[in-house]
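Participant: Let's have the full structure, built from the sequences with the hints guiding it.
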Amino acid sequence: MARGSIDRLGALQKAVMEAVWDLGEATVQQVRDRLGRDPVPAYTTVLSVMQKLEKAGWLRHRAEGRSYIYRPVRSREEAGASSLRTFIERVFRGDRLRMFQHLLEDEDLSDEELKALKTMIDRRRRAKDKESRDG
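Counting from 46, one number per residue, gives the positions in the sequence shown under the working numbering.
For the record, the hints were derived by calculation from the structure and aren't laboratory data. What you are looking at is a predicted structure, and each value in this text was computed from that prediction instead of being measured. Be aware that one or more of the hints could be misleading.
What the hints assert, rightly or not - Distance ranges between label pairs, derived from CB positions:
id, residue 1, residue 2, range
1, 135, 87, 47 to 55 Å
2, 111, 82, 23 to 31 Å
3, 133, 168, 18 to 26 Å
4, 143, 87, 15 to 23 Å
5, 84, 59, 46 to 54 Å
6, 55, 179, 39 to 47 Å
7, 132, 63, 13 to 21 Å
8, 97, 155, 18 to 26 Å
9, 85, 114, 31 to 39 Å
All residues carry an ideal CB built from backbone N, CA and C; glycine is no exception.
Facilitator: Written as structure tokens, this is what we have:
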């Protein structure tokens, strides 16, 4: 399993991970084509980044003919959740309620955003109620 937060990766490493997540699995050349940077990093640079990401536990590969096909170890959502937990721990000392309070008080949320948050809370509450009845 990948260790650390996506936030600790360098810009090119993040871009490579985004490309692999978008593609699902990819060769070095497919990632290079997807990067859309000017100038496009050399093939060997992208290969080196992908090998380092594999060594760090972010990617895995399998051989297919003469190519390696890389795929992520964690989904974008799993990496984001891990990053969010780290952020909440660091900024709010692990207090999720304080984080939500800050968001609600300090941000100019639209009526649509507030309605969406209420819907998510209601959905989560129903799921927890169901879990407690079934469990």
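Participant: All the hints need checking, so say for each whether the structure fits it.
Facilitator: Do the hints match the structure? See the list:
The beta-carbon spacing between residue 135 and residue 87, approximately 35 Å, falls outside the hinted interval of 47 to 55 Å. Between residue 111 and residue 82 the CB atoms are about 26 Å apart, so this pair conforms to the stated range of 23 to 31 Å. Roughly 21 Å separates the CB atoms of residue 133 and residue 168, a value that falls within the hinted 18 to 26 Å. The hint said 15 to 23 Å for the Cβ distance between residue 143 and residue 87, and at roughly 46 Å that hint is violated.
Between residue 84 and residue 59 the C-beta distance comes to about 18 Å, which lies outside the given range of 46 to 54 Å. With their beta carbons about 45 Å apart, residue 55 and residue 179 fall inside the hinted range of 39 to 47 Å. For residue 132 and residue 63, the hinted distance range of 13 to 21 Å is satisfied, since their beta carbons lie about 19 Å from each other. Distance hint check for residue 97 and residue 155: the Cβ-Cβ separation is about 41 Å, which falls outside the suggested range of 18 to 26 Å.
Taking the beta carbon of each, residue 85 and residue 114 are about 20 Å apart, not inside 31 to 39 Å as hinted.
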